[in-house]
Structure formats: C-alpha cells, structure tokens
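Q: Protein sequences, first through last, are from chains A and B.
Take 1 as the starting number for the first sequence in the working numbering and just add one per residue.
Take 1001 as the starting number for the second sequence in the working numbering and just add one per residue.
Be aware that one or more of the hints could be misleading.
To be verified - Example chain B residues on the side facing chain A (calculated, C-beta under 8 Å, incomplete):
| id | residue |
| --- | --- |
| 1 | 1073 |
| 2 | 1077 |
| 3 | 1078 |
| 4 | 1102 |
| 5 | 1103 |
| 6 | 1138 |
| 7 | 1166 |
| 8 | 1222 |
Stated by the list, open to error - Which stretches of chain A does chain B cover? Using the computed rule of at least three CB atoms under 8 Å from a CB of chain B, they are:
| id | segment |
| --- | --- |
| 9 | 522-533 |
| 10 | 549-557 |
Hints are computed from structural coordinates only; laboratory data are not their basis.
Virtual Cβ for every residue (Gly too), placed ideally from N, Cα, C.
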Amino acid sequence: MDYFGQLLANGLVLGAIYALTAVAFTLVYGVVRLVNFAFGELFMLGAFLTTSLMLPEVRLLGTVVPMPGFPLPIAALGAIVVTGIIGVVVDRIAYRPLRNAPRLAPLITSIAVSVVLQSLAQTIWGAEELRFPQFYLATLEPVVLFDSIYLSVMDLVVMATAIVAMLGLSLFIARSSLGRAMRASAEDQTAAMLVGIPVNRVVAAAFAIGSGFAALAGLLYAQTYGFAHSSMGFLPGLKALTAAVLGGIGSVPGAALGGLILGLVEALGAGYLPNGTAWKDAISFVLLVGLLYLRPQGLLGRPELNSAGRGSLLGGASSAGVGWLQAVFARFDALLTRGAAAGTPAAFGLLAVAVVVGLMVPSDYWLRILTMVVIYGMLASGLNVIVGFAGLLDLGFVAFWAVGSYLTSILFVLVLKDGYGIAPQEVWWLLYLNLPLAGLLAAGFAVLLGTPTLKLRGDYLAIMTLGFGEIVRVVAINWMDLTNGPMGIRGIPAPNLFGISLGSPRAQFFFALALAVVVVFAVARLVRSYVGRAWVAIREDEEAAEAMGVPTARYKLYAYAASGFVGGFVGVFYAHSQQYISPLNFSLFENILLLMLVVLGGLGTFIGPFVGALIWIAFLQLALDLPFVQAYPETRFALLGVVLIVLMVFRPQGLAASARVGLTMPGARAKEAA
Amino acid sequence: MTALLEARQVVVRFGGLEAVGGLDMAVARGAIHGLIGPNGAGKTTVLNVLTGFIRPTAGRLVFDGEEIGGLNVNGFARRGLARTFQNIRLFGAMTVLESVLVGAHQRFSSSAPALIFGGRAARAAERAMIARAHELLTFVGLGREVVDRVATTLSYGHQRRVEIARALMSSPKLLLLDEPLAGMNALEKQEIADLVRQVRAQGIAVLLIEHDMQIVRSLCDHLTVLEYGKRLADGAPEKVLSDPAVQAAYLGRTR
Ligand SMILES: Nc1ncnc2c1ncn2[C@@H]1O[C@H](COP(=O)(O)OP(=O)(O)OP(=O)(O)O)[C@@H](O)[C@H]1O
Ligand SMILES: [Mg+2]
C-alpha cells in the first residue's frame, strides 16, 4: 500500500504537469488544427524565466546579470505572462501567414520554431542545468498520509494549481465571450468567420493561454525536479501531446484526463515493471500507439479530426515575396525545369560533377563533409518516398535507419568479433551482403510499423509514427544485450573490398556516391511507373485513387517498405563510415532534420533531398565562420530554423520543386513520339 | 438476360437522416440509365453506394451476377465500376496523361524488381497503356497539346473530359457519371451527350445523373426518379417524364 500510494502521489504530480501542457496542445489544435510542437519549448522557457526571476543573479550569454530574486508566485506570474506574449508573437510571425498554406507547412514551421527557441535558450542560459532555488514552501515538512505516503507541500501546490487552472479555463471557455468565440471557431472556423467572430483574435488568445499553461507546467516541473535546462521541454512536450491525443485532441477535459492517465501509468509502470524507470518513456508511447490504433479520436475526441487533408502536402507556390527574390527564383526554376525535362542526361551530368568534385577536393575535412551530404541526401531520399511521393508524414523513419546500422554493427562487432573472435577483414564481404539484407529487414519492419497506421491520416499519422520512432530508440537504449545500450557499439570496421580498406575519406566519398546512384536509380524506377503514380494519387486524393482501382492500403505499405529499404540500406554504410553508433544517432531530432532537408529541397523530387542536404551541411560549415556563431555555436540551429520558417512563408514548395518528376517510364514516352 | 447491376432494398442513413430509403434499381447491360430527382434527393448518395464509397445501412448489390456489397472501394473498381465525381476530383500536381494512367492501375502487374531492372514486360505494359491513354484522350475530345499539362490547370470542361477518360481507362463495364453536364454551355452539353452515346456503342453501360430534362429525354434508355431517397418512378423516359407524380416533384422544386 505505501509503495503503491507513493507511486500514486508521484503519478498525480506528473499527471498534473502533463495535463497542463496537454491543454496547450489541445487549445491551439482545436482552434487552428495545428500541432504546435513548440509548446515543449515554451514549457522550457517558463521554467527558465521563473528560475531566473527567483535567483539573485544569473549567467546570461556568459555574463553574470543581477536578477530581482522574486518569490515564487511573482516570478511564476512574470514567466507565464512573458511566455504567453512569446507564444502570441510566434503565432503572429510564423503561423499566421500560413493559415491557408498547404497542410505540411505549419507543422514543419512549428518544428522549426522549436529548434529556434531551444537553441536560443541554450545560447542564453548555456548548456548547463540551472538549479531551481530553495524557497520557503519547499522547506516545509512533507505531509504524511496513511502513515506512509510522503507528499511535499509543493506536490500539493502543484496539484492544486493544476486543478484551479483547469477549472478557471473551463469557466472562461463556458462563460466569457472570447471563450465562447473560441469554442465556436473550434467547431467550424468558416462558419465562425461568417458570423463575424474575429478569428485572428481568437487564435491569438488560444496561443496566449496555451503558452501560459505550458509555462506554468514548465515551472512546476522545474520546481519538482529541481532544475531548468534547454532540452528539458522535449520529452514532456511529446508526452503532453500524447496526453492530448489520448484524451482526444481538441477537448479540454480530454487533455486533463489524458494527462492524469499518462502520469499515473508512467509512475506505476516505472514502479512495478521490471527495470521500469528505464522503460517508462516507452510505456507512454506504447500507450499512444495502441490507443491511436484502437480509437484514433482519443477518449473524449471527435472522430472527424482524423480526416484526410485533401490537396497538396506542400505544393502551391507562394505569392509572397519581394520582386527581385521572385525573379531569382524564376531563373532558378527555369533551370531546374529544363534539367528535370532532360531526365537521365541531367542525372549523369550531376553525377559527373560529383565525381569531379570528389577527385579535386584536396582536404580530408571537406571530403568527410561531402560524404555526410551524400549520406543525408540518401536518407532524405528514402524519407521522401513516404512523405514526398505517398504523402504520409512519417516521423519514425530513423527507426529504419537504425535497423540497418545496428544489424551490421551487431553482426560485425558483437557477434563475429567479440563472440567468435573473427577479424572484420576476414569477412569483409559480409558488408555487401548486409546492404540488401538490412534493406529487406528494415522494409519488413516498416511494413510491420506501417500496418497499424493505415487508418490514420494527417497529423495523427505523424504522431503515431513519432511514437514508433521513440519506442525503437528507447529499446535501443535499454536492450543492453542486443545493442550495448547507451554506450553504443565501437570499432565498426571501415568498408573494405577484397581486403583493401576503403577507409580513406576519398574512398568513402566514392563509396557513398556509388550507393547514392543505386538508391536514386531504384527509387526513380519505382516512382516513374504505375507504382509512383499510385503513390502520388494517394497523396493528392486518397479516395479518388481508391475509386480508380488503386488498393491504397497496399500501396501505402509499399511506400513504407521502399522507404524502409532505403533507410536500412543506407544505415549499413552509415555505421561503417562512422565506425561508432549509439542510440543518440537515431533521435527524433535526426528524423526532423531529414524531414527538413526534404522540405528545404523540395518534396516529391529526386534532387530535392540532395539539395537540402547540401545546403544544410554547407550552411553549418559557413555559419561556423561567423563571429557570433563561433561565440555561440548553438545559434546555427536557430539560424537554420529561421531559414526554414522564412522558406515556409515565401517558398513552401521547397527550393528545387521545379525539378518536377515525370511519372511515366522514360523509354515508353520516347517511342510514342516517334 | 439479367441486369448488369442490381440494387435491392438499399437503405442509407446518416445519423437520423434517411438519405436512401429501400431503393430497388436495376441497370441493364448496354443501357444509358438516367438517375434524376430534385436537389438533395439522394442521387449522389446512391452513386456512392453503387461504387462502394458508402456502405449502405441495409440492402444488397449484385453486379454481373456477383454479390459485391462487402468489397472495398477498389474492389468495386476492379469488378468494372468506374465513376466521375460531382465536384471534379483530379489529382493535383499530375499531368493529364499521368492522371489518366492512374485509371489503368489494375491493368499493371509488374513486380518491383521488374520495374527497377527494366523488365521487357513492364516496359511493354507501360507503352500499351500510354497508347491507350492517348486514344481515350482523343476519344473524349482532347488534343495532344493538353497531354503534358497539369490536369488541374485545364478549363472546367476539359477537366470533366479528363475525368471521363480516366474512368474509361479501367475498361469498365459500367460508367457512373455524376452530373457531367453541370456548368456547361449548350454546345458542350451536346458534345458530352454524344460522347456518352459513343461509350454505350462500345458496350459500356452508363449511369448518368442529370438535371437537364431535354438531354435526359433524348439520351437515356431508362430512368429512375428519386425523391427524398425513395423511388418515385422507374421506366422508359417518355412514360416516366409524363408521370404526374414526377412532374409534381419537379414543379415542387422550382416553386
Ligand atoms: N456524408 C453525409 N452525411 C450526412 N448527410 C449527407 C451526407 N451525404 C449526403 N447527405 C444528405 O443526404 C441527402 C442526399 O444528398 P445527395 O448528395 O445524395 O443528393 P443529390 O440528389 O445528389 O443532390 P444534388 O442534386 O444537389 O447533387 C441530402 O440531404 C444530404 O444533405
Ligand atoms: Mg449530387
């Protein structure tokens, strides 16, 4: 009883925090149908601002700045107000221009905003934890219930605050005119606009309140666990999103219920399952995945939210932008259109350029960078199959990449070398076997993960795949016997051909290039056939595709399989080229980065993923030369985020979108003209 | 000879609303069958049932002697039912040729390796279908110049024709058209009507939803009239259109 009671108490505290953040997701989703990933970061800002305001002095940007040292309630209030304002400003700058944009644009933008806020926070407050100060309430004796359950006064304060905040919000929505307007917009935005509800003001209010709730949750979290840190918002943000979905996104009582359930399940799971604390993150995501499978609308949600956004994912050029910028783009587009029309010769031209570059570049340093460009370009190409062509927003792609990397590393290092004492050079050929083998394994894995997602659409699909990706990562960390856990696997041999090591940077570059040729060729052949046409048809209008006789469920699985194959295939080379892998290599951030690369370059094009990879990696290097980036390295992620936000507003279709991919077999058209 | 498509006692309820109430209907082989009725009568709903888009609350569907009620949408298409939509639904970002080729999806069967390694059969199938797509585009009255344009950028009338070509691409036994003449001028209407006759001449039955009574009278072999989801009349056009109940229904609508 006492153990159970203690877990229950922990679960309630955690649940209260999740519930408050879940309200933020739910409120904004209800009004604008946007999963604002940035709430995790607003949560973190709430924690930092409160902590800073309570301290006598804080190091900001490396210099010690005197602070007011407010008591907790005043500091908290200040933090909530400031975060609320930040939320509104973010909406005004980044989201409002995208209200009628293609459906992927706001989601990508919200991810970019997260990246910007997180790296700014790290720049300002540094990479260290900021300790939450001692204050009077926290020094009080804990309350003891039933002689055995210890509840600190602050735990009670956390729960009480959550309850009061939720009740206050419910009252506000039910009684105030703004609250009622909010509910009306959530029901039907067009209708709300027609009857004269100021939708922009309602949305701003939802962002203000949501951000305030996230900040409140963040500061309570910081208080409970004793620190603030720039990456602290990430996992709680995902969990809160899970809670919101669990309760039924769009429903405030649902968010409260979802948060509570998630907090309790996590606390009890951590307490009772063998090695539960290590697995507790997986518990939440398993719950999420299971629920989305069985009841996608969540416990209290409405089913229509799982509806397909018809129309293009990202297509549709933006008309925004100054004249000269548009002129530059027009030039660039004409070039790309011509290149794409040339097809195979253009591809050979690009390959020739890559070969020449590979031969000419003198420094190992730049060869390594170029190899990374090719690797990321290939991975992004794999992701592009599922997202760009089939239109399924997959945030779990890294899992397929991880499957490939781990398969080859486990075989070479843990089994053959450590288990049987076989030196990698003796079995160099295994690498070439592993490439297709890992591809097939990852493809099978992708189909397995893809099957339960078939019923889901749009944002729900993204959230479910994200859940899968996280589960795979937690498994990789915790299944010590298989993966070596967080230590990762060292000593993965460099690629080798007939006993000749291909470990030099130049050899690796050409190895990567050869694989890229294989990947692009195979993907292009599939896309330029009835299979690719079925994918694009599904992306553009799933129901119409089905009516034309396309078994859409099967073709979605094919897209997963193709995407998974590329992930696994490239993953093998990645492991051998890095020679060390750990679960950190396969985080959600990597998946988001890949997604950004594809979007940056242009979804649904062959060259887009490589353009995206080249720009990103070149950008990283060039940014390192800027003085303020040298002083604050984290700002380069913020810069990337800003670039992406700007791109979403001015060119949502991506840079190389004009390199449109034909969907008929190349040879078949040439004959017909003759 | 049995009917090509038979619907028996089909009921569709949306929540409390009964959109279709116990409809019996049979489309004969090689016929142009008109489905008419006032706005909101349930015509589109019936077409959605006949193409698998909506699972009826009750009732049976028999197509070409086979029970098809339990199939999913692509199963209906594979059995030979092809449709167009009241609000045109072409695939954005696809060219006319590519969109039309999607209609032939079920006629491709090459495996992934055959596609990747460029199998001869895969190439031949693609060529044959592209040739067929060109034929059908000419058949619906579209010239070569539109073939490589993005379908959604064409004029309304042309988009309609692309949609019909896409549906015909699957070599259906029954083509279901939901108000293909809506929003067209008299000349275009005549052209599409002629097109429908030519489709029938190829042995493909047509189910047509249409409001223009003159066209309906001259074009259809058989009419089914719906009102409030119920069958009001059924039979030869002359007989049905002179039925006082039908006339009342239409007068009721204009009033
Ligand atoms: N998905 C749906 N959910 C709820 N009600 C529906 C749905 N689809 C149609 N209805 C209702 O069913 C009735 C019949 O609609 P339907 O679209 O079939 O009529 P129609 O005869 O095609 O009309 P029109 O000539 O305007 O196209 C209408 O009252 C409509 O509002
Ligand atoms: Mg209709």
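Q: So is the segment 522-533 of chain A in contact with chain B by the C-beta rule, three or more residues under 8 Å, or is the coverage claim wrong?
A: Satisfied; 7 residues make the cut.
Q: Three residues or more, CB to CB closer than 8 Å: is that satisfied between the segment 549-557 of chain A and chain B?
A: Satisfied; 4 residues make the cut.
Q: Verify the interface restraint on residue 1103(B): the C-beta must sit less than 8 Å from at least one C-beta of chain A.
A: It holds, given that the least Cβ distance between residue 1103(B) and chain A is near 5 Å, below 8 Å.
Q: Using 8 Å as the Cβ threshold, decide whether residue 1222(B) counts as touching chain A.
A: Violated, about 24 Å.
Q: Hint check: is the beta carbon of residue 1138(B) less than 8 Å from a beta carbon of chain A?
A: violated (13 Å)
Q: Do the numbers back the hint for residue 1078(B), that is, is its least Cβ distance to chain A under 8 Å?
A: holds (5 Å)
Q: Double-check residue 1166(B) for me: the hint is only fine if its C-beta lies closer than 8 Å to a C-beta in chain A.
A: holds (7 Å)
Q: Tell me if residue 1077(B) is really an interface residue toward chain A, meaning its C-beta lies closer than 8 Å to one of theirs.
A: Hint holds; residue 1077(B) Cβ to chain A Cβ min 4 Å, cut 8 Å.
Q: Can we keep the residue 1102(B) interface hint, with Cβ of chain A closer than 8 Å?
A: With Cβ-Cβ at 5 Å, under 8 Å, it holds.
Q: Should the interface hint for residue 1073(B) be scored as holding, given a Cβ-Cβ cut-off of 8 Å against chain A?
A: Holds. Min distance 4 Å.
Against the hints set out earlier in the document, violations occur for numbers 6, 8.
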